[in-house]
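Asks: Position chain U against the provided structure of chain P, taking the given hints into account.
Protein chains: 2
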Amino acid sequence: PDAEAVAAADALQLRLTKPPGALGALEPLASKLAGLAGVCPPPLPEPAAVAIFAGDHGVHAQGVTPWPQEVTGQMVGNFLAGGAVVNAFARQAGVSVTVIDVGVATGDSDYKVRTGTRDFAVEPALTRAEVVAALEVGIAVARNLVEDGAKALLTGDMGIANTTPAAALIAAFTGVPAEEVTGRGTGIDDRTLAHKTWVIEGALAMHRPDSADGIDVLAKVGGLEHAAIAGFILGGAAARVPVILDGVIAASAALAAVAIAPDSIHAMVAGHRSAEPGATIALKHLGLSPLVDLGLRLGEGTGAVLAHGLVASAVRVLHEVATFDSAGVSEK
Amino acid sequence: PDAEAVAAADALQLRLTKPPGALGALEPLASKLAGLAGVCPPPLPEPAAVAIFAGDHGVHAQGVTPWPQEVTGQMVGNFLAGGAVVNAFARQAGVSVTVIDVGVATGDSDYKVRTGTRDFAVEPALTRAEVVAALEVGIAVARNLVEDGAKALLTGDMGIANTTPAAALIAAFTGVPAEEVTGRGTGIDDRTLAHKTWVIEGALAMHRPDSADGIDVLAKVGGLEHAAIAGFILGGAAARVPVILDGVIAASAALAAVAIAPDSIHAMVAGHRSAEPGATIALKHLGLSPLVDLGLRLGEGTGAVLAHGLVASAVRVLHEVATFDSAGVSEK
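Chains as they are written, first to last, in my numbering: chain P, 5 to 336; chain U, 5 to 336.
Looking at chain P on its own, in the form it has when it is part of the complex:
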């Protein structure tokens, strides 16, 4: 990040017509984005684009969720028809929606790397080459959206069973036991939760992923949408465009992105705190504080889209608010 731009933003915030620090977490956020852009004020994060990466998971065969795998492809259709929650939120926020099938079990897609991952309870989910291909999909999507004018990128995901690889990734990257990072996803019962945790523990013990090697971890226990989102973050960071992270899938992908390119952290904004316990553990590991904390556990990019208005508001302050001098307001 550009330290001069951060310092300029910090100094500007003190001259604006408000008590110092009165905007709480929004002030360091605006300064961080000045550092990312290398200019103060940083660009308004508009227009913004949410990219929903969809994939299926071999580990679904282990019974980690009651939802049938076909729902992934059905929900892709729902996104394209504009009928999902993320579509409604995006219309409210004025955010564009792009859907990328990087690994759904059915259907055709220019971006599809594979029709779902292998079952990581049995074998590695992906080859290194497949991980690289999915990362490149994410990088390309980010680059295309930025070329088309996007000033903020928002992560979205769809994939029945995808909180299972997300928990495995978070356990692998943070070293926190599977028991603590594994959650109920769409709302599984105690017995399924215990089984899901056991599947993750077993896979980590079998594959022994190398937490310093992001591609290795993604290949052994990741997912295609997780890898593509990691690439999407890297692509946004390379373009110095803020990437607003959605929930637990994005948080697990962010750990992979940081393992691959540590500087990508400077582009990341934590959109919200998912109800999944692994999300909080991952964000803490990354040193990121979430903006929205309303118990959402839907994915799709819904939390990132909700957060977009908060990010834009934080930046807009640096563009538009009068200083004590310019407004003729007395200081204490």
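It is possible that some hints are incorrect.
[To be verified] Here are some chain P residues pointing at chain U (derived, C-beta under 8 Å):
(1) G111
(2) A316
(3) S317
[Unchecked claim] Here are the simulated distance ranges between beta carbons:
(4) P:S100 - U:G179: 23 to 29 Å
(5) U:S100 - P:A209: 56 to 62 Å
(6) U:H323 - P:K336: 42 to 48 Å
(7) P:P24 - U:A11: 34 to 40 Å
(8) P:A209 - U:P51: 31 to 37 Å
(9) U:G153 - P:E183: 49 to 55 Å
(10) P:D14 - U:P72: 49 to 55 Å
(11) U:G111 - P:D329: 17 to 23 Å
(12) U:G86 - P:K336: 19 to 25 Å
(13) U:G179 - P:A242: 29 to 35 Å
[What the hints assert, rightly or not] Short, incomplete list of chain U residues facing chain P, as computed with Cβ under 10 Å:
(14) M79
(15) L298
(16) A326
For the record, the hints were derived by calculation from the structure and aren't laboratory data.
Just so you know, even glycine gets a beta-carbon here, dropped at the ideal spot from N, CA and C.
Replies: Same frame as chain P, now just chain U:
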């Protein structure tokens, strides 16, 4: 509230293409607003209007803040010129801004009840007639905005020293000691905080406000903007339009509104959690959970405006999201 509309909203949420409860706090919020409107789905809360009620405070003479009183009037000018943080946030959110001088020490205004309150460290801040006049200002502003098409009302405030009456109101209505509800406002030091707390304790001991009589409490230790905001809430509730509360000033006014008309609670949405300790205590007493929790302590309506997009998103789900049936998505 209309129990049938609430039940219809609860039932609809279960048929939409998302796991049950996956939208966390946004689901009961949307159902609450269906109950308020008496129809499911309830109207989208757009257009929305933030009303900033401004007033000065006799208790400023006690040295409860380092900011000069003239800043209240100067900030009114800043709001009208569009240069304050609330103006920037409102432009981001597409919310209109109305400024109402109900009690600033200087300047003319059709709505001014008095040029600031009396010093409640010495005598009651207001007469009952003055409180009623300020309540009527708030009711009239709410009615006018709704007549002009507003589908959501957002509270805003400006008044140097106004966290002092807010803390006194919260202590009086909740019975929680002044020590626990009094905060640093714009950021006062330990010594000023101790003095501010002592002033509030002394006023409560001297005036003994009757917590069952909202007008009595407002008259003895309130402020003109606090009373006007209480009226604004009552006006919104009477029109069955949601009122998004800003921070600690709004929370103290909400306690007064509930004391005057308990059913007004059904129109209230807690926009955010102010950094002021009294705000959390008041919201807990009201049974409201804040939507935004980012450490803001500015007032002006900034927290309410930030929350507006979240409220609109919650309601939009009920209007626009496909059902499992209509989208052809399988259920678990």
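Asks: Under the constraints set out in the numbered hints, which ones does this structure not fulfil?
Replies: 1, 4, 7, 8, 10, 13
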